[in-house]
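So the chains spell out like this:
There are 2 protein chains.
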Amino acid sequence: MRFHRTVTPLIYYIHMTKSALQIARAAYQPKLPKALQGPVVAKEGAATQSVGDQEKIKQLFPNTYGLPVIEFEASAATTQQPAVNVGVILSGGQAPGGHNVISGLFDGVKSINPASKLYGFILGPGGLVDHNYMELTADIIDEYRNTGGFDIIGSGRTKLEKEEQFEKGIEILRELNIKALVIIGGDDSNTNACVLAEYYAAKKYGVQVIGCPKTIDGDLKNEQIETSFGFDTACKTYSELIGNIQRDCNSARKYWHFIKLMGRSASHIALECALQTQPNICLVSEEVEAKEQSLDDVVNYIATIVAARAAKGDNYGTVLIPEGLIEFIPAIKKLIKELNEVLTDPATGEPREFAGAEEQIAFVESHIAKDNLAVLKSLPEDVARQLCLDRDPHGNVQVSLIETEKLLSRMVAKRLAEWKQAGKYDGKFSTQHHFFGYEGRCAAPSNYDADYCYSLGFNASRLIAAGKTGYMSIIRNTTAPAAEWVAGGVPITMMMNIERRNGADKPVIRKALVELDGAPFRYFAAHRDEWAQATSYVYPGPIQYFGPTEVCDQSTKTLQLEQAR
Amino acid sequence: MRFHRTVTPLIYYIHMTKSALQIARAAYQPKLPKALQGPVVAKEGAATQSVGDQEKIKQLFPNTYGLPVIEFEASAATTQQPAVNVGVILSGGQAPGGHNVISGLFDGVKSINPASKLYGFILGPGGLVDHNYMELTADIIDEYRNTGGFDIIGSGRTKLEKEEQFEKGIEILRELNIKALVIIGGDDSNTNACVLAEYYAAKKYGVQVIGCPKTIDGDLKNEQIETSFGFDTACKTYSELIGNIQRDCNSARKYWHFIKLMGRSASHIALECALQTQPNICLVSEEVEAKEQSLDDVVNYIATIVAARAAKGDNYGTVLIPEGLIEFIPAIKKLIKELNEVLTDPATGEPREFAGAEEQIAFVESHIAKDNLAVLKSLPEDVARQLCLDRDPHGNVQVSLIETEKLLSRMVAKRLAEWKQAGKYDGKFSTQHHFFGYEGRCAAPSNYDADYCYSLGFNASRLIAAGKTGYMSIIRNTTAPAAEWVAGGVPITMMMNIERRNGADKPVIRKALVELDGAPFRYFAAHRDEWAQATSYVYPGPIQYFGPTEVCDQSTKTLQLEQAR
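Chains as they are written, first to last, in the working numbering: chain A, 361 to 925; chain B, 361 to 925.
There's no promise every hint is true.
[Stated by the list, open to error] The list that follows gives simulated cross-link-like pairs (lysine to any residue, SDA-like), each with its CA atoms no further than 20 Å apart:
| no. | chain 1 | residue 1 | chain 2 | residue 2 |
| --- | --- | --- | --- | --- |
| 1 | A | Lys766 | B | Glu763 |
| 2 | A | Lys477 | A | Pro442 |
| 3 | A | Lys614 | B | Thr518 |
[Claimed, not checked] Partner residues aside, some chain B positions facing chain A, computed with beta carbon under 7 Å:
| no. | residue |
| --- | --- |
| 4 | Ala380 |
| 5 | Asp608 |
| 6 | Val658 |
| 7 | Val702 |
| 8 | Tyr798 |
| 9 | Ala804 |
| 10 | Tyr899 |
Honestly, the hints are just simulated from the structure, not real lab data.
Fair warning: this is a prediction, and the values are worked out from it, not measured in the lab.
For each residue, glycine too, the CB sits at the ideal point set by N, CA and C.
Turn these sequences into a full structure, and let the hints steer you where they fit.
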C-alpha cells in the first residue's frame with residue numbers, strides 16, 4: 361500500500377485520545393430510509409433536461425445528459441452481487457457529516473458484497489491525481505463514525521478540470537480495480553464530478569462517478585436537493601453561540617454584539633441562525649443587492665434600530681452579518697471591480713508595481729471614476745487603504761480581509777454621534793465583535809446530519825450497484841422521520857446551466873441564493889421589526905444527541921419552512 | 361410593587377419564545393447532597409483564622425471574625441420554622457448557573473416555610489441601593505430553572521462599599537421585612553458581602569448576609585471552596601469550540617489558529633481547556649511571570665514549535681492564549697506602569713492633555729526609561745501607538761484593547777521570516793484568530809453546574825435558617841456523585857488577607873492563580889511537549905444533558921486532578 365509521508369491519518373488514529381462524547385457517540389447507528397434497509401430496485405423516471413441552456417449542456421455532456429431521475433424502492437430480490445471497489449474523495453471546505461457519508465458508503469459497498477473495497481484519496485482531489493490513497497478498512501471506519509471533520513482522509517481544493525488529471529486518475533483507478541468514484545463536494549466539485557463522469561463515459565473507461573451534496577453554506581440546493589449536508593450542524597452550532605451571546609447581552613444590557621457568520625456567496629447561514637435565535641438585526645446580502653442599498657443605507661438601517669432601542673433604555677442588541685455582505689452592495693461591488701482593473705497592467709495582465717503605499721493610493725485615486733472615488737472616500741480611512749493596498753497573488757483586492765463586523769459598527773458609531781449632536785439620539789453604544797466559521801465546520805454531526813450523510817453515502821453505493829454515472833446521491837422528504845425519507849439519484853446535468861466564469865462560458869450547477877419570495881425569508885421579514893424592538897431572543901443551546909426527539913432530531917427552520925409550502 | 365421602568369424581565373418572560381432544549385431542560389430536577397434532602401442540623405467546627413494578617417482582619421471584622429466552619433448533617437427533627445423573607449443579588453459578570461442558585465434558594469426558603477418570600481434586586485447591587493426590585497414567585501422561577509444567563513433580575517458592577525449604600529439598603533430591606541441577603545458574586549463581591557454582614561451585625565440591624573462563589577475565571581477557590589460556579593460550563597463550551605477548530609485544523613492542515621480565552625487575572629480557563637483538548641501550545645500567564653519571560657521569549661517558544669512541526673510537513677496547529685497574558689510579562693507590566701505614570705499630570709492627578717497623537721508619542725518616548733523605551737520599540741508599530749494613545753477615562757493604558765492573539769501571531773510570523781532567511785525554517789505560516797468569552801458566560805449550565813448551583817442556593821437557605829451571617833455557602837466533594845456532596849458554610853473572613861489596592865490596604869479574599877506546583881499544571885507540563893509535536897487533539901463536543909453519566913456528569917479536569925492529590 362502506498363502512503364504519502366506528509367499525511368498520517370492511519371498512524372494518527374491509533375493514538376487518538378477520545379472524548380467521552382466521541383466514545384458514546386460511536387455506538388450511534390444512523391437511521392436509513394426504509395427503502396434502503398434491504399435490497400432495492402431502481403425506479404426510473406422520464407428523461408430530464410438541464411435547468412438552462414439545454415442545447416449547450418447537451419452538447420457538452422452527450423453521454424450523461426438527459427438521464428432519468430432514479431428513485432429506489434424496496435425489492436424482494438436478494439441475489440448476491442459481485443464485489444466492487446470504490447474510491448472516495450473529500451473536496452473543498454469541511455462540513456459536519458463527511459465521515460458519515462464515508463461510513464454509509466463503506467457499509468453500503470460491503471452489503472453489496474463483503475469482498476468489496478473502499479479506497480480514500482488523501483487530501484482531496486489532488487490525492488487522485490498524485491496517487492495518494494489508503495484503503496479504508498472496518499477498523500478505520502469505526503474510529504470515525506458520527507464524528508466531525510474530514511480528517512479520516514483529509515480534504516483539499518485542487519480542481520479536477522483537466523484531461524491530464526483525468527488520465528492520471530484513471531491510472532490509479534485501474535491499478536486498484538476501482539469501478540466507481542464518489543466525490544463529496546459543493547457545487548463546483550459536483551460540476552467537476554460530472555465533467556469527469558462524462559470524460560470516463562466518453563472514453564469507455566468503465567469508471568462511474570457519483571456526487572454528494574456538501575457545503576455548510578447551504579447554497580447547493582434546488583428542486584432535487586433539499587439541503588446540502590453540514591448546513592444543519594453548522595447553523596445549530598453558530599446558533600448555540602449566538603443564543604449564549606444574546607443571553608449575556610440581555611443580562612448585562614450594555615453591549616451591541618456584531619456577529620459575522622461564514623458564507624461568502626449566500627446568506628442562508630445568517631438567515632437560518634436568525635430564524636433560530638431571533639436577533640435584533642440580521643442583514644441578508646441578497647436583499648441588500650436586490651434593493652440596491654448603499655453602505656450608507658445599511659448603516660442607517662442599523663443605527664435607526666439602535667436609536668429606537670436606546671429611546672426605551674435598551675442600549676444593547678445583536679446584529680447578524682453574512683460574511684459576503686460587502687460584495688453584495690452594488691456600489692462597493694462596482695468599486696472593487698474598478699480597483700481590480702486599475703491595479704492590473706493591461707499590457708501584461710500582471711499586478712502593477714508601485715514604489716510604495718502612498719504612490720499606489722495616489723495612483724488609485726487619480727485613476728478610478730468619480731463615483732467610485734466618492735464611495736472609497738466614504739469608507740473609514742484604514743479600510744480604504746486596505747482596499748487599495750492588499751492584493752492577492754493574482755492582483756485582486758482581498759475582500760475577505762475586510763472585517764465587515766467592525767467596519768459596520770464603526771460607521772454606525774459615527775452616525776449615532778452625528779445624531780447625538782443633532783439631538784436625535786441619546787444613548788450609549790458599546791460594541792463587541794465576533795466571527796463564527798471554523799467553530800462549526802467540523803462539529804460532530806447532529807442526528808439530522810449523521811442520518812442524512814450516512815443515507816447519502818449508503819445510497820451512493822446503490823447508485824453504483826445500479827451502474828449509474830454522472831448522478832448525484834439524493835435523499836428527500838427529510839423533515840419527516842428518517843424511515844420515510846426518499847432515496848435516489850439525479851443526473852447532475854439536470855442542475856446545470858451556462859455561466860460566465862473568469863471570462864469564459866462554463867457549464868455549472870446554479871448556486872442557490874436566498875430567495876426573497878421564499879418562505880424562510882418571508883417569515884423572517886414578517887417578524888424582524890418585532891424582533892428589533894421587543895428583545896425576542898431564543899436560546900437554542902448546544903446540539904443534543906441523546907435527548908427527546910423534539911430536541912435532537914429536528915431539521916433546520918429553513919427546511920421546515922420550505923417544506924411547509 | 362415597585363418596578364423600575366428601564367428593566368422589563370417580568371414583562372419579557374411572558375413573551376419568551378423557548379427553544380426545544382429549554383422546554384425539555386426545564387423539567388430537570390437538579391441533584392442535592394443527601395444531607396440537604398431533608399431537615400438538617402448544623403455541625404460547628406472550631407473557631408477559624410483568616411489566611412493572613414489575622415490581627416488586622418480580626419480588628420476590621422469584630423462581629424464576623426473567628427466563626428466556626430459549618431457542616432450540615434441530616435436531622436430527624438421536622439419542626440416547622442417561621443417564614444423568612446430573603447433578598448438576592450447577582451453581582452458582576454455572568455456565569456452559567458446563576459438562575460439555578462436562585463431557584464435552589466427559592467425552593468430552600470419555601471421548604472423552610474411556604475409563606476417565605478424571595479425578592480430579587482434588579483441589575484446588581486445597585487438595585488439594593490436604588491430600591492429597584494421584584495418579588496420572585498414560583499411562576500417566574502419556573503421560567504428560569506436550568507437556564508443560562510442572569511436575565512431573571514439582571515446583574516451589575518456597582519460596588520457595595522460605602523456606609524451610605526448600606527444605609528440605603530437597610531431601608532428597603534426593612535420595608536420588605538427581609539431578614540437575609542444572598543449575594544452571588546466573585547472574590548470582590550464576596551469581600552463586600554462580608555463587609556456588609558459585619559456592618560449590619562455591628563449596627564444590630566438583624567439582617568444576615570450570605571455569599572455564593574461565582575466566576576467563570578475559576579480564580580475564586582481555596583482550601584474551603586473547590587470551585588466557583590460557571591467555570592465548568594464555560595470551559596466546556598470553549599473546549600467544544602476549540603475541539604471543533606482543531607478538527608478543522610487537522611482536516612485542512614493549512615492554518616495555525618491563535619485562540620484567546622477570557623480570564624484577565626488567572627489562566628485557569630486556558631489551562632482547563634488545554635487539559636480537555638490537548639492543543640499544540642497553551643500559554644499560562646503565571647508561568648510566564650514566574651520565569652520572567654519576555655515577549656521575545658514567548659514568541660520564540662511558539663515559533664520553535666511551529667518550525668519543528670513544519671519540518672515534519674505539519675504547517676498547522678493551535679495556540680491557546682489567556683486573555684491577561686500581556687500583563688503578566690514582567691517587562692510589559694513595567695512599561696505599562698511607567699506609561700500610566702508619565703501620561704498623568706502629577707500636579708492634578710488628571711490625564712495629561714496633548715495637542716495631537718504625534719506630540720503625545722514624542723512626549724512618551726522622551727520621558728520613559730531607556731529599557732521601557734526599548735520594550736515599546738520592540739512591539740509592532742500599531743500596538744506601540746495603541747499603548748501610547750488609547751487611555752481609559754482615568755488616563756490608564758487600555759491593555760484589554762490589545763488583541764494579544766494577533767500581536768503574537770504577527771510577531772511569530774516575523775520571527776519565522778527571519779529564520780527562513782537564515783535557512784533555519786522552511787514552511788508555510790497562515791493564521792486564523794479567535795477570542796472566546798461571551799460565547800460561554802451565559803451558556804445553559806452543565807449538569808455539574810446545574811446541580812452545584814442549585815445546591816449552593818438551597819444550602820444558602822439552610823445557613824439563613826441557622827441564623828448565620830458573613831458566611832459563604834459551600835458545597836464540597838463534588839467529584840463524587842451529588843448525593844455524597846458535603847454542604848455547609850465557611851466564614852468569609854477565613855479566606856481574607858490584607859492587600860494593597862489603589863494605594864490603600866484593604867481586606868480582600870485572596871485570588872487563586874494557577875499554582876505551578878499544582879496537579880493540573882504539572883499534568884499539563886508533563887504532556888505539552890508531546891502535544892506540541894504529535895497532534896494529540898481531543899474533540900470534547902457540545903455539553904450533553906440527557907446522555908450517559910460519563911458524558912453528562914463529569915466535573916472539570918482541573919478539579920479531578922486537584923482532588924486526586
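Grab the minimum C-beta distance from B:Ala380 to chain A and call the hint holds if it beats 7 Å, violated otherwise. Holds, about 5 Å.
Are the Cα positions of A:Lys614 and B:Thr518 separated by 20 Å at most? With Cα atoms ~14 Å apart, A:Lys614 and B:Thr518 stay inside 20 Å; holds.
Does B:Ala804 meet its interface restraint, that is, does its C-beta lie within less than 7 Å of any C-beta in chain A? At 5 Å from the nearest chain A Cβ, B:Ala804 passes the 7 Å test, so the hint holds.
With a cut-off of 20 Å on the C-alpha distance, tell me whether A:Lys766 and B:Glu763 pass. holds (14 Å)
Next pair to validate is A:Lys477 with A:Pro442; report whether the Cα-Cα distance is within 20 Å. holds (12 Å)
Hint check, B:Val702 versus chain A [nearest Cβ-Cβ separation less than 7 Å]: With a closest approach of 27 Å, the B:Val702 hint is violated.
Any CB of chain A closer than 7 Å to the CB of B:Asp608? holds (4 Å)
Should the interface hint for B:Tyr899 be scored as holding, given a Cβ-Cβ cut-off of 7 Å against chain A? Holds, about 6 Å.
Once the shortest beta carbon distance from B:Tyr798 to chain A is found, is it less than 7 Å? holds (5 Å)
Status of the B:Val658 interface restraint (C-beta, 7 Å, chain A): Interface hint status for B:Val658: violated (24 Å vs cutoff 7 Å).
Going through the hint list in order, the structure does not satisfy hints 6, 7.
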